[in-house]
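Colleague: Chain by chain, the residues run as shown.
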Amino acid sequence: MNQTVNFQLSSDIKLSDCITINPYLLLLLEHFDIGFPLHDKSIKIICDENHLNCELFLIFANLYNGHQYIPKTPLSYNDTQAIINYLKKSHNYYSEEIYPNILITINQMAELNNFKEMALVPKFFIKYFNEVIEHFDYENNVVFPYILELNEHIKAKTQNEKKSKYSVLEYKEHHNDIEEKLNDLKNLLIKYLPQKNDQSIRRKLLLLLSELEYDLNIHSKIEDFILIPLVAQMESRK
Amino acid sequence: MNKYKNIIIIESSSIIYEGLANILMKISQKYQLTQAGSLEEANRLLIKKRYDIVIVNPLFIFNNIKSFNEIKCQYSSIKWVGLIYSYFDLKLLSLFDGTISISDSHEAIFSFFSKLNSNENQQDQVSSQEILSEREIDVLKLLAKGMANKEIASRLNISTNTVITHRKNISIKTGIKSISGLTIYAVVQKLVSIENLSD
Numbered sequence: 000m001n002q003t004v005n006f007q008l009s010s011d012i013k014l015s016d017c018i019t020i021n022p023y024l025l026l027l028l029e030h031f032d033i034g035f036p037l038h039d040k041s042i043k044i045i046c047d048e049n050h051l052n053c054e055l056f057l058i059f060a061n062l063y064n065g066h067q068y069i070p071k072t073p074l075s076y077n078d079t080q081a082i083i084n085y086l087k088k089s090h091n092y093y094s095e096e097i098y099p100n101i102l103i104t105i106n107q108m109a110e111l112n113n114f115k116e117m118a119l120v121p122k123f124f125i126k127y128f129n130e131v132i133e134h135f136d137y138e139n140n141v142v143f144p145y146i147l148e149l150n151e152h153i154k155a156k157t158q159n160e161k162k163s164k165y166s167v168l169e170y171k172e173h174h175n176d177i178e179e180k181l182n183d184l185k186n187l188l189i190k191y192l193p194q195k196n197d198q199s200i201r202r203k204l205l206l207l208l209s210e211l212e213y214d215l216n217i218h219s220k221i222e223d224f225i226l227i228p229l230v231a232q233m234e235s236r237k
Numbered sequence: 000m001n002k003y004k005n006i007i008i009i010e011s012s013s014i015i016y017e018g019l020a021n022i023l024m025k026i027s028q029k030y031q032l033t034q035a036g037s038l039e040e041a042n043r044l045l046i047k048k049r050y051d052i053v054i055v056n057p058l059f060i061f062n063n064i065k066s067f068n069e070i071k072c073q074y075s076s077i078k079w080v081g082l083i084y085s086y087f088d089l090k091l092l093s094l095f096d097g098t099i100s101i102s103d104s105h106e107a108i109f110s111f112f113s114k115l116n117s118n119e120n121q122q123d124q125v126s127s128q129e130i131l132s133e134r135e136i137d138v139l140k141l142l143a144k145g146m147a148n149k150e151i152a153s154r155l156n157i158s159t160n161t162v163i164t165h166r167k168n169i170s171i172k173t174g175i176k177s178i179s180g181l182t183i184y185a186v187v188q189k190l191v192s193i194e195n196l197s198d
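Sequence order for the protein chains is A and B.
Be aware that the first sequence starts at 0, since it is given in numbering that gives the first Met the number 0, and climbs by one per residue.
Be aware that the second sequence starts at 0, since it is given in numbering that gives the first Met the number 0, and climbs by one per residue.
Rather than coming from a laboratory, the hints here were simulated on the basis of the structure.
Backbone N, C-alpha and C define an ideal beta-carbon position, used for all residues, glycine too.
One thing to keep in mind: the hints can contain errors.
Over 10 Å on every C-beta distance to chain B, these chain A residues come out as not near it, computed from the model [as the list claims (entries may be wrong)]: (1) L24; (2) K40; (3) Y92; (4) E95; (5) N140; (6) E151; (7) A155; (8) K203; (9) L207; (10) F224.
With a straight-line Cα cutoff of 25 Å, these simulated DSS-like cross-link-like pairs (lysine-lysine) come out [what the hints assert, rightly or not]: (11) A:K190 / B:K189; (12) A:K88 / A:K220; (13) B:K176 / A:K185; (14) B:K90 / A:K185; (15) B:K144 / A:K185.
Here chain A stands alone, though its shape is the one from the complex (with noise of 0.2 Å):
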């Protein structure tokens, strides 16, 4: 699953071929929200009937790839309004769909294993949930409209008087708590947590885990290496 996938799209490749080598990237479909089917149309076919900078798309795309793609020409200000799109929908898949998926496998695996200490684990899960959903509504209330009003007010040029004291890099730090307890949660399964009736539940519950990791991991790479620095650029113009 972390197996990185070995080459390098371009614009010039069939989308649908990408997705027979490499299914994750059905996920940034979605997020893009780039419908189905896709005939034999090339990557750059496909962004443009959807409006979507094919170079943004690349690097996206190459990340689930395992490849670092530099752009032929470099990201504007005014994609920000994609990025940002896409890692909301990115944010829903999570607290609608995988997070859920988990507390429901967990929860079965609590039932057919009844050793005392299983109990503990819905309950590290579920406190766990409410913590991501913190930080989810954090980003999609606070640091994605500042990061949108600011665009908005270098397009008019005029000054962000209101919060020009926030700073995008504040909240850098936020989300490493998120992959540190997913892993700690993979480590008790794999390492710990005494096996009575749950084994092939619990694999299960690995692969939707490792599946989120896969997805967290590139998805603070797009903040972390693509959206902050493009907005600490845009912070440094004021």
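With chain A fixed as given, assemble chain B onto it according to the hints.
Modeller: Only chain B this time, still in chain A's reference frame:
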């Protein structure tokens, strides 16, 4: 468990930079690469952010050995790697922590970087499979009961810094970092009973 590794590549040829970048990205998704066109530019980058590895074409330090040494002393935790594609004096090459050559195979570069990283984590690796010491178990038990570092320190008559060191080692050995995760670990290992947990 490791965080991102930030790497600067001082190299003016974009063919070489992008080629090397591609190979490195295949080795690990956790590498974050930045290109610098000169030693001065790299120095400016180093001031702004923490970097782990700097890969340098020795041409850039050939006439700058003094300032290279100064930068090297200033950032002693960084690994300096020479990127060799022509003949250089051995004395110059001895300034680096290691060298790779543009004629190296993927496998050679792969094993070079995994060795470089393992040197760095040697301490982690030695201890990662040992069981917890008695003192670490004492700390873990109190942690699981919901005590803060300071309380633990005064209870065990040790300094807060020592508590922090114990906690770090516990996490390295168990692979678990959060207090809530460590609490479950402590229960599974029968170090504390569920009834004694704080909520």
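Colleague: Test the statement that Y92 (chain A) is away from the interface with chain B: the closest C-beta pair must be farther apart than 10 Å.
Modeller: For Y92 (chain A), whose nearest Cβ neighbour in chain B is about 20 Å away, the distance exceeds 10 Å, so it holds.
Colleague: Does K189 (chain B) sit within 25 Å of K190 (chain A), going by the straight-line distance between their CA atoms?
Modeller: holds, 15 Å
Colleague: Taking the closest pair, is the beta carbon of N140 (chain A) still more than 10 Å from chain B?
Modeller: holds, 25 Å
Colleague: Over 10 Å to the closest beta carbon of chain B is the bar; see if E151 (chain A) clears it.
Modeller: About 28 Å separates E151 (chain A) from the closest Cβ of chain B, which puts it past 10 Å; holds.
Colleague: Would the least Cβ to Cβ distance between F224 (chain A) and chain B come out above 10 Å?
Modeller: violated, 6 Å
Colleague: Since E95 (chain A) was said not to touch the interface, does its Cβ keep a gap of more than 10 Å from each Cβ of chain B?
Modeller: holds, 24 Å
Colleague: Keeping to a limit of 25 Å between CA atoms, is the pair of K176 (chain B) and K185 (chain A) held or broken?
Modeller: Within the cut-off at roughly 12 Å; holds.
Colleague: Is the nearest CB of chain B more than 10 Å from the CB of L207 (chain A)?
Modeller: holds, 18 Å
Colleague: Next pair to validate is K90 (chain B) with K185 (chain A); report whether the Cα-Cα distance is within 25 Å.
Modeller: Not OK: K90 (chain B) and K185 (chain A) at ~48 Å, beyond 25 Å, violated.
Colleague: Against chain B, does A155 (chain A) keep a CB gap of more than 10 Å to every residue?
Modeller: holds, 30 Å
Colleague: Need the status of pair K144 (chain B), K185 (chain A): alpha-carbon distance at most 25 Å?
Modeller: holds, 23 Å
Colleague: So K203 (chain A) supposedly isn't at the interface. Is its beta-carbon more than 10 Å from every beta-carbon in chain B?
Modeller: Nearest chain B Cβ is 20 Å from K203 (chain A), so the label holds.
Checked against the numbered hints above, the structure violates hints 10 and 14; every other hint is satisfied.
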